[in-house]
Every structure is written in structure tokens, then in C-alpha cells.
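Enquirer: Residue strings, one per chain:
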Amino acid sequence: AQTVTQSQPEMSVQEAETVTLSCTYDTSENNYYLFWYKQPPSRQMILVIRQEAYKQQNATENRFSVNFQKAAKSFSLKISDSQLGDTAMYFCAFMKQGGSEKLVFGKGMKLTVNP
Amino acid sequence: NAGVMQNPRHLVRRRGQEARLRCSPMKGHSHVYWYRQLPEEGLKFMVYLQKENIIDESGMPKERFSAEFPKEGPSILRIQQVVRGDSAAYFCASSPPGFLNTGELFFGEGSRLTVL
Chain Y
1 AQTVTQSQPE MSVQEAETVT LSCTYDTSEN NYYLFWYKQP PSRQMILVIR QEAYKQQNAT
61 ENRFSVNFQK AAKSFSLKIS DSQLGDTAMY FCAFMKQGGS EKLVFGKGMK LTVNP
Chain U
1 NAGVMQNPRH LVRRRGQEAR LRCSPMKGHS HVYWYRQLPE EGLKFMVYLQ KENIIDESGM
61 PKERFSAEFP KEGPSILRIQ QVVRGDSAAY FCASSPPGFL NTGELFFGEG SRLTVL
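One line per chain: the protein sequences are Y and U, in this order. Reading the first sequence from the start, the letters are residues 1 to 115 in the numbering used here. Reading the second sequence from the start, the letters are residues 1 to 116 in the numbering used here.
Please note that a few of the clues may not be correct.
Said to hold, decoys possible - Using 30 Å as the maximum straight-line C-alpha spacing, the simulated DSSO-like pairs for lysine-lysine come out as follows:
1. Y:Lys55 / Y:Lys78
2. U:Lys62 / Y:Lys107
3. U:Lys71 / U:Lys44
4. Y:Lys55 / Y:Lys107
5. Y:Lys70 / Y:Lys107
6. U:Lys62 / Y:Lys96
7. Y:Lys70 / U:Lys71
8. U:Lys51 / Y:Lys96
9. Y:Lys107 / U:Lys44
10. Y:Lys110 / Y:Lys96
11. U:Lys44 / Y:Lys55
12. Y:Lys96 / U:Lys71
13. U:Lys62 / Y:Lys78
14. U:Lys51 / Y:Lys110
15. Y:Lys110 / Y:Lys55
16. Y:Lys107 / Y:Lys78
17. Y:Lys96 / Y:Lys55
18. U:Lys44 / Y:Lys96
19. Y:Lys70 / U:Lys27
As the list claims (entries may be wrong) - These stretches of chain U come out as covered by chain Y in the derived footprint (C-beta under 8 Å, 3 or more residues):
20. 12-21
21. 44-55
22. 87-96
23. 107-114
To be clear, the hints were calculated from the coordinates, so they are not data collected in a lab. Just so you know, even glycine gets a beta-carbon here, dropped at the ideal spot from N, CA and C.
One chain only, chain Y, in its complex shape (with noise of 0.2 Å):
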């Protein structure tokens, strides 16, 4: 079974900063999908960044960019220039391509930006 870690339960940080937010998974599949999906107060799941495990390169999207360690079994993601609109719950989140693509979500990181 497939496991995912994140530590660190809660973080602030001032508006325009860049932040890291760790995350670990444990798994003996060799090819899945990793995803960090944010829930603002609005409760909503919005997918922020994915990444597939076969690729090398690190996912980017605009201001997201995520530190992808495969053998380390790490997925963090990086927040450059922090906007208050950016406070939310963000939750890493595991998929084993194939099967039956259910997510494996971890406990979540609550993170404050602050102005």
C-alpha cells in the first residue's frame, strides 16, 4: 500500500516570499503520477502542479514549481513571489498509473501568507 507524508502540519510566510513545502511517499510502484492540490477556505480541490514519475524534468507551472527526488521518494513544492491568495490547505497526492487511479492523499499543510 501506497503511503504519503507531509510533516510539516503548518507554515507562514510574508506576502512575495518563496516557501518550500515538503513531502514524502512511500511506494514499490514504478510508474504513477504525483499531485499537489491546494483547498482554500472555500474547501475546493484545485489541482496545482502534477507530475509524472517517469519524467526527470521538474514540473513548473507559472509561480509552482515542484523538487521531484524519485529514488529519494520525495516530492516538495516550491511557491515563489507568495500571494495572500495563496493561503489555503495543501494536500501531496499519490496515483499508481493503471489500477483503478484512486488518489492517495497526505495529512495536509495549512499554509498562511501573510501581507
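Starting from the known structure of chain Y, arrange chain U on it as the hints suggest.
Expert: Below, chain U alone, put in the same frame as chain Y:
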């Protein structure tokens, strides 16, 4: 282009009553997933359905919970004889079929169930 639609957004039930949560997937999506989020927790997988078929229900409690995705109409998550521990946010997600699937799930806004 409507996203995943869930209703009701909020539902209050007394212990012993039944709760029915509905989910309409995105247009063109044939795969539906239900997840439950307890307070201060991440989402936990419950069930994965395609039209008229349950593909994976490994996350569903053995009793009182059932799910369906009929040929016509929304997917329904049904909880019979609710207890206080069922209070949670229930999220539905959908994805397109097979070759269109990039591994991304599209989530609805969730249904928050409160059991008094």
C-alpha cells in the same frame, strides 16, 4: 463548461436518518470517484465507479454505505442510519475515459454532512 456538480452543499441529518449525496461528473467524463474528508484530515478514497459498474469499493465502510452511478442521472452516495462519526465533507471527482486520461481528477465543491 460546467465542472463537477455536487448537491446538496450542506446536509444536516439526525442520527438514524438516511443521507443521499449526488454528483454529476463533468461533461464527457465517465469515471466517478467519491472521497471523504474528516476534520483536520486529508481526503480518503471511498469508491470508484463507471456507468452502472462499481470498479473499486475498497475504501467504503462495509455497512450502511452504498454508491451507484446509473446509466442516466447523477452518481449517488447513500449513507443509511447515519451516526455522528459520518459527519464529514464528501467530495466527488471525475475523469475522462481511458485514452484521454492524464491522471488528473476534477473535484466538485463537496457536500458537508452534519449528523446531530
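Enquirer: Which numbered hints turn out to be false for this structure?
Expert: The structure conflicts with hints 7, 13, 14, 19 and 20, although it agrees with all the remaining ones.
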